[in-house]
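Input sequences plus hints: build the corresponding full structure.
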Amino acid sequence: MAHAIEVSHVTKVYRRYGRRRQFATLKSAIVSGTMVRDLRPEETFPALEDVSFSVTQGQTYGIVGRNGSGKSTALKVVAGITKPNAGSVRVEGRVSALIELGAGFHPEISGRENVFINGIMLGLSKREVARRFDEIVAFAELDDFIDAPVKTYSSGMYMRLGFAVAIHVDPDILLVDEVLAVGDEAFTHKCLDKFREFRRRGKTVLLVTHQLGLVERFCDEVLWLDQGRKQAEGDPRRVVGAYMSAVEQSEAVHLASENARAREAVDVAPPAQPPECAAEAAAAATPADDGPRDMFQATEGRWGSRQVEIVDVALLDGEGQPGHIFHTGAPMTIRLQVQAHAPVDDFVFGVGLFNADGVCCFGTNTDLEELVPERLDGGAEVRFHVERLDLTEGTYKLDVAVHKRDGAPYDYHRLLYTFRVKSRTKDVGIYRPPHRWHFSGNVRLRGPDA
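Its first residue numbered 1, the sequence shown is counted upward by one per residue in the working numbering.
The hints are simulated quantities; they were obtained by calculation from the structure and are not laboratory data. Computed from a predicted model, the values in this text were never measured in an experiment. Just to be clear, a hint being listed does not mean it is correct.
Stated by the list, open to error - 27 angstroms max Cα-Cα, derived DSS-like pairs, lysine-lysine:
#1 LYS126 - LYS151
#2 LYS230 - LYS83
#3 LYS422 - LYS397
#4 LYS397 - LYS194
#5 LYS151 - LYS190
#6 LYS190 - LYS426
#7 LYS397 - LYS426
#8 LYS422 - LYS230
#9 LYS126 - LYS194
Unchecked claim - Simulated restraints, written as ranges between beta carbons of each label pair:
#10 SER250 - GLU113: 43 to 49 angstroms
#11 MET244 - SER125: 42 to 48 angstroms
#12 ALA148 - ASP235: 44 to 50 angstroms
#13 ARG388 - ARG16: 46 to 52 angstroms
#14 PHE362 - ASP172: 51 to 57 angstroms
#15 PHE362 - ARG217: 31 to 37 angstroms
#16 ALA242 - ARG200: 40 to 46 angstroms
#17 ASN442 - SER54: 54 to 60 angstroms
#18 ALA246 - GLU319: 16 to 22 angstroms
The beta-carbon is built from N, C-alpha and C at its ideal position, and this holds for glycine as well.
As structure tokens, this is what we get:
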């Protein structure tokens, strides 16, 4: 089939704005052609660098990537809003672009007048806009506000009107940039229904979004951009999976750095005085006076006599590799390296998991599980293995501790270790138990891949 969009070796360079370099006048810079050409490399950055892709007529094509990766620039180049510094772009058919919220709307005039102006700008005659006007207003759900100045509209109203105009000009190619991010749930479903209708009618859609589930469901092919460069292109599940893996690696590096800073801060700081709180809710015995009396209300820190010391903490994945990103339902092991500076026969190991709001998800220790201590001497390793990490997606904090049976801490690490749980299923709450759905024969449902 013929290509609706062809982007060939496109590079788009922008100037870094700063106070050190100023042009005499805008006119002189344009006339001399020195806006970008004469700038030093450190004064510019490439929003796109040698990017090529093509979209076949009738395809829904997605572009994914982090903020600042060049996604919106790619759409603007295709739309003709900006010109590339190198390379070429070819587009076949009428284009309707919904790239920036309310782009092209004049705030001082009414929604009605803006509909006519935008429709004409997108290639319709005044008569064609009039014929489609009622349908546009009804789709945008703005019957009561269409004669009010656009400056009085909320961001959602802006978006609805812009989307309604863009799709009702009946374009051959629809360019969409994160337009669903500000819509309510009902309007989002209407937009998705329109995407389905466009696909059935053989229209071409170029979609930029952070909603990866939407990309996997609707797109025929996906392009992944990172720092203006093409990283991968092709099957949505394969490309989205590669992109998510890269994001997880970046998040893991960030979390590792955060954990190192938190640990360093408590190691170099003077011993913290734990807060005086109510009786500890998680242990059977009352702690001694040198520890907090309620671990659920204690703040981030480290305390204890250090007779037995936790010298290293690692979170291990199913392959035994240290990490900070885990997936719902996957195994996780908490590994403690401990050092007893003298032999002890009174010791308890404990762990606790908290979500980002400070809610305890789970806590236990060897005393609660009726493991009786006998002897600990020198260096040792303790592993707490979770067969299935059945937590919903989110950020979690870890407590680890070694203390006496009466609660007096040897070494307590409070909320010093952060890890993140990822899931393609966006449940709510904390715990995701293994489960199945069963339906009688008169209930019909369609799966996400249907």
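Status of each hint after checking the structure:
{"no.": "1", "hint": "LYS126 - LYS151", "result": "23 angstroms, holds"}
{"no.": "2", "hint": "LYS230 - LYS83", "result": "19 angstroms, holds"}
{"no.": "3", "hint": "LYS422 - LYS397", "result": "14 angstroms, holds"}
{"no.": "4", "hint": "LYS397 - LYS194", "result": "42 angstroms, violated"}
{"no.": "5", "hint": "LYS151 - LYS190", "result": "24 angstroms, holds"}
{"no.": "6", "hint": "LYS190 - LYS426", "result": "21 angstroms, holds"}
{"no.": "7", "hint": "LYS397 - LYS426", "result": "20 angstroms, holds"}
{"no.": "8", "hint": "LYS422 - LYS230", "result": "25 angstroms, holds"}
{"no.": "9", "hint": "LYS126 - LYS194", "result": "24 angstroms, holds"}
{"no.": "10", "hint": "SER250 - GLU113: 43 to 49 angstroms", "result": "46 angstroms, holds"}
{"no.": "11", "hint": "MET244 - SER125: 42 to 48 angstroms", "result": "46 angstroms, holds"}
{"no.": "12", "hint": "ALA148 - ASP235: 44 to 50 angstroms", "result": "46 angstroms, holds"}
{"no.": "13", "hint": "ARG388 - ARG16: 46 to 52 angstroms", "result": "48 angstroms, holds"}
{"no.": "14", "hint": "PHE362 - ASP172: 51 to 57 angstroms", "result": "55 angstroms, holds"}
{"no.": "15", "hint": "PHE362 - ARG217: 31 to 37 angstroms", "result": "34 angstroms, holds"}
{"no.": "16", "hint": "ALA242 - ARG200: 40 to 46 angstroms", "result": "30 angstroms, violated"}
{"no.": "17", "hint": "ASN442 - SER54: 54 to 60 angstroms", "result": "46 angstroms, violated"}
{"no.": "18", "hint": "ALA246 - GLU319: 16 to 22 angstroms", "result": "19 angstroms, holds"}
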